[in-house]
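*Asks:* Protein sequence lines correspond, in order, to chains A and B.
The first sequence begins at 1 in my numbering and counts up by one.
The second sequence begins at 1 in my numbering and counts up by one.
Calculated from the structure, these hints are not laboratory results.
Mixed in with the good hints, there may be bad ones.
On the chain B side, residues computed to face chain A include the following (Cβ under 10 Å) [said to hold, decoys possible]:
#: 1; residue: ARG46
#: 2; residue: GLY50
#: 3; residue: ARG64
#: 4; residue: GLY66
#: 5; residue: GLN68
#: 6; residue: PRO69
#: 7; residue: THR71
#: 8; residue: SER72
#: 9; residue: VAL74
#: 10; residue: ASP92
#: 11; residue: THR103
The calculated DMTMM-like cross-link candidates involving lysine to aspartate or glutamate, where the alpha carbons are at most 20 Å apart (straight line), are [what the hints assert, rightly or not]:
#: 12; chain 1: A; residue 1: LYS182; chain 2: A; residue 2: GLU167
#: 13; chain 1: A; residue 1: LYS184; chain 2: B; residue 2: ASP92
#: 14; chain 1: A; residue 1: LYS182; chain 2: B; residue 2: GLU53
#: 15; chain 1: A; residue 1: LYS182; chain 2: B; residue 2: ASP92
#: 16; chain 1: A; residue 1: LYS184; chain 2: A; residue 2: GLU167
Virtual Cβ for every residue (Gly too), placed ideally from N, Cα, C.
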Amino acid sequence: MLAMILKEFRQVGRDRRTLAMLIVMPVVLLLVFGYAASFDVTEIPTMVVGDGAATRADLLPPVFAVETVAVEAGREAAEAALVAGEAHVAFVIDGGGATALIDGSELFMARTAVQVVTAMSAQVPGLTQEVLFNPELDTSAVLVPGLAGLIIVFVGTLVTSMSVVREREAGTLEQLAVMPFKPKDVFIGKIAPYFLIAAIDIVIILVIGTVVFDVPFNGSVLPLALGAVLFLFVALGIGVLISSVSENQAQAIQLAIMTLLPQIILSGIIFPLTSMAAGVRWIGYILPLTYFNLVAKGVMVRGASFGDLLIPMGLLGGLGAVIFGAAVVRFARQLRPARSGAPT
Amino acid sequence: MSWGLESVSVVFGDTIALEEVSLQARAGDIAVVVGGDGAGKTTLCRALVGLDEVASGAVSRPPRTGFQPETSGVWGDLTVAENLQFVAGAYDIDPGRAGRRITELLEVTQLVDARDRLGRELSGGMRQKLGVTMAVLSDPDLLVLDEPTTGLDPVSRVELWSFIALAAREGRAVVVTTAYVDEAARASTVLALDEGSVLAEGTVAAVVEAMPGRVYQSLVAGGVNSWRRGESWRVWSPDGSVPLGGIATVPDLSDVVTVAALAREATR
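Please model the complete structure; the sequences and the hints are all you need to start from.
*Replies:* Structure, rendered in structure tokens:
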């Protein structure tokens with residue numbers, strides 16, 4: 001038995017990457033997720049519109065972080081700001097009363113806002129509240145769009161990375177390299193099925209979400225489709241990048257999981273980004289799922305238009321260009337290291 | 001027409017994988033590269049088909065080169081027919097012509113009955129035959145086969161060599177690597193490698209002719225310069241002197257390669 005234990009220790013010791021993952025990752029995960037795992041909302045981006053908005057804004061409890069005050073604007077502008085995600089609560093001052101419009105697509109912020117406004121209305125006569133987009137504050141309405149993104153990450157990153165590594169392990173990547181394919185032909189051919197499968201997955205998830213879980217679909221399909229395509233490119237690009245640094249499928253799975261876990265915890269689909277410690281929140285802002293979640297939730301729940309989602313779309317596009325570009329370059333380099341010289 | 005390597009060196013970090021190796025493969029001929037593990041056979045194939053960069057020297061290959069990697073290069077989750085259809089598609093071969101050629105090749109390689117079996121369900125010999133068939137399908141001018149017979153039973157080796165010989169008779173230049181010295185006897189030219197450099201090269205007859213010293217058969221071992229062959233020993237005498245109980249014998253290629261390795265060892 002001692003021989004067996006010794007053999008296992010030797011084998012584990014030789015697999016440096018797994019060893020590092022087993023020792024370093026729990027510490028990193030505990031620290032990162034410990035700071036990220038918080039449902040406490042301390043700050044809600046808020047706007048105040050209407051007569052006396054500036055005065056009223058000063059009287060609001062500190063949880064309402066007033067970012068915009070517009071005396072001239074009315075309810076219409078406030079709703080538009082909520083749809084665009086520029087604010088998550090808008091106080092509309094109208095005559096003697098005021099209405100707090102609350103963005104129901106941000107579940108924890110909305111619940112906190114409802115709680116605080118309810119408490120305020122006992123002291124402020126004429127203050128009413130209205131939860132928009134998701135009046136019942138239904139959890140599935142908020143989670144399903146993000147879950148669709150998670151499925152894309154799973155198919156795009158994990159399955160794609162394993163597929164390319166499997167090809168290398170079997171020696172068939174060499175076959176492809178000597179065939180009269182351009183590297184981009186192999187690359188596109190390799191990811192095309194996963195692109196299609198992930199796209200079908202998204203449609204299935206969203207249909208089930210809307211039909212079975214009554215998730216609203218208030219926006220247009222087009223911006224969501226565009227966001228999904230951009231996000232797919234990022235996810236597939238990460239998959240190919242992982243495959244280019246993995247020697248076998250086990251390593252590819254490990255690395256894929258290392259990219260999946262932060263996206264689950266830090267992208268805002270479970271814990272609100274604003275509730276995370278600043279030290280780990282920035283990680284969320286470089287994760288593609290963060291922006292797909294903003295796009296999907298924006299379109300489905302708030303009915304946001306393409307114009308409302310320019311920033312997350314642009315960032316997804318930027319991430320896609322960088323990651324997908326790097327994946328193409330690395331893949332091409334691996335596939336044809338010595339093909340630059342033309343055969344004679 | 002001939003293709004090959006001219007004084008090629010391949011370097012990986014601090015390791016010289018190939019050192020000034022030359023190899024010419026002429027149309028219709030079979031050039032066999034023989035060597036043990038780590039001799040540089042796979043690196044030579046990869047350099048020849050353009051998968052590994054050469055540090056120095058020149059590589060010449062035709063635009064259409066067929067290659068079978070060490071792993072057979074067969075897609076395990078495609079059937080025999082699908083593997084071949086994919087290769088035909090990759091080389092843009094007309095579907096009608098591809099269909100006829102695939103049927104013809106499957107008949108020659110006796111894989112007809114296996115055409116609908118998945119690559120991973122094939123025996124080692126069948127998989128290697130399929131790999132060579134895939135490399136031949138595009139009608140390449142140069143065919144590079146990396147250890148196609150390794151691990152095969154004797155019958156499968158014979159069948160595979162018949163197919164390789166047929167490929168050469170069709171006018172292709174064929175380069176085959178192997179760890180089995182007896183297979184090198186089938187070659188037009190032989191290149192014996194050891195740790196990335198050339199031990200011996202030329203036609204079989206020329207390589208045998210160029211062997212230094214003499215080889216004797218003996219019933220007793222003759223120190224470091226002896227090796228077992230069947231029930232007796234072969235003893236290499238660098239200066240040609242007769243060892244105790246030695247009977248002069250005509251060396252075969254296996255003896256010559258062994259002598260070349262011993263001669264190199266002696267100079268180190």
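*Asks:* Now tell me if each hint is right for this structure.
*Replies:* Hints, one by one, checked against the model:
1. Restraint check, B/ARG46 versus chain A: the minimum CB separation of about 8 Å is within 10 Å; hint holds.
2. Hint status for B/GLY50 relative to chain A: holds, with the closest Cβ pair at about 5 Å, below 10 Å.
3. With 10 Å as the threshold, the beta carbon of B/ARG64 comes within range of chain A, its nearest partner Cβ sitting at about 8 Å, so the hint holds.
4. A cut of 10 Å between beta carbons decides the hint on B/GLY66: the least distance to chain A is about 8 Å, and the hint holds.
5. For B/GLN68, the interface hint holds, since its Cβ comes within 10 Å of a Cβ in chain A; the closest pair sits about 8 Å apart.
6. Hint status for B/PRO69 relative to chain A: holds, with the closest Cβ pair at about 4 Å, below 10 Å.
7. Taken as an interface hint, B/THR71 checks out: its beta carbon lies about 3 Å from the nearest beta carbon of chain A, inside 10 Å.
8. Hint status for B/SER72 relative to chain A: holds, with the closest Cβ pair at about 7 Å, below 10 Å.
9. Evaluation of the B/VAL74 hint against chain A yields a held restraint, the C-beta minimum of about 8 Å falling below 10 Å.
10. The closest approach between the C-beta of B/ASP92 and any C-beta of chain A is roughly 8 Å, which is under the 10 Å cut-off, so the hint is satisfied.
11. Against a cut-off of 10 Å between C-beta atoms, the interface hint on B/THR103 is violated, since the closest Cβ of chain A lies about 22 Å away.
12. With a C-alpha separation of about 17 Å, the suggested pair A/LYS182 and A/GLU167 falls inside the 20 Å cut-off, and the hint holds.
13. Between A/LYS184 and B/ASP92 the alpha-carbon distance is near 17 Å, which keeps this suggested pair within the 20 Å criterion.
14. Taking the CA atoms of A/LYS182 and B/GLU53, the gap is near 18 Å; set against the 20 Å cutoff, the hint holds.
15. Taking the CA atoms of A/LYS182 and B/ASP92, the gap is near 14 Å; set against the 20 Å cutoff, the hint holds.
16. Between the alpha carbons of A/LYS184 and A/GLU167 the distance comes to roughly 16 Å, so the proposed pair stays at or under 20 Å and holds.
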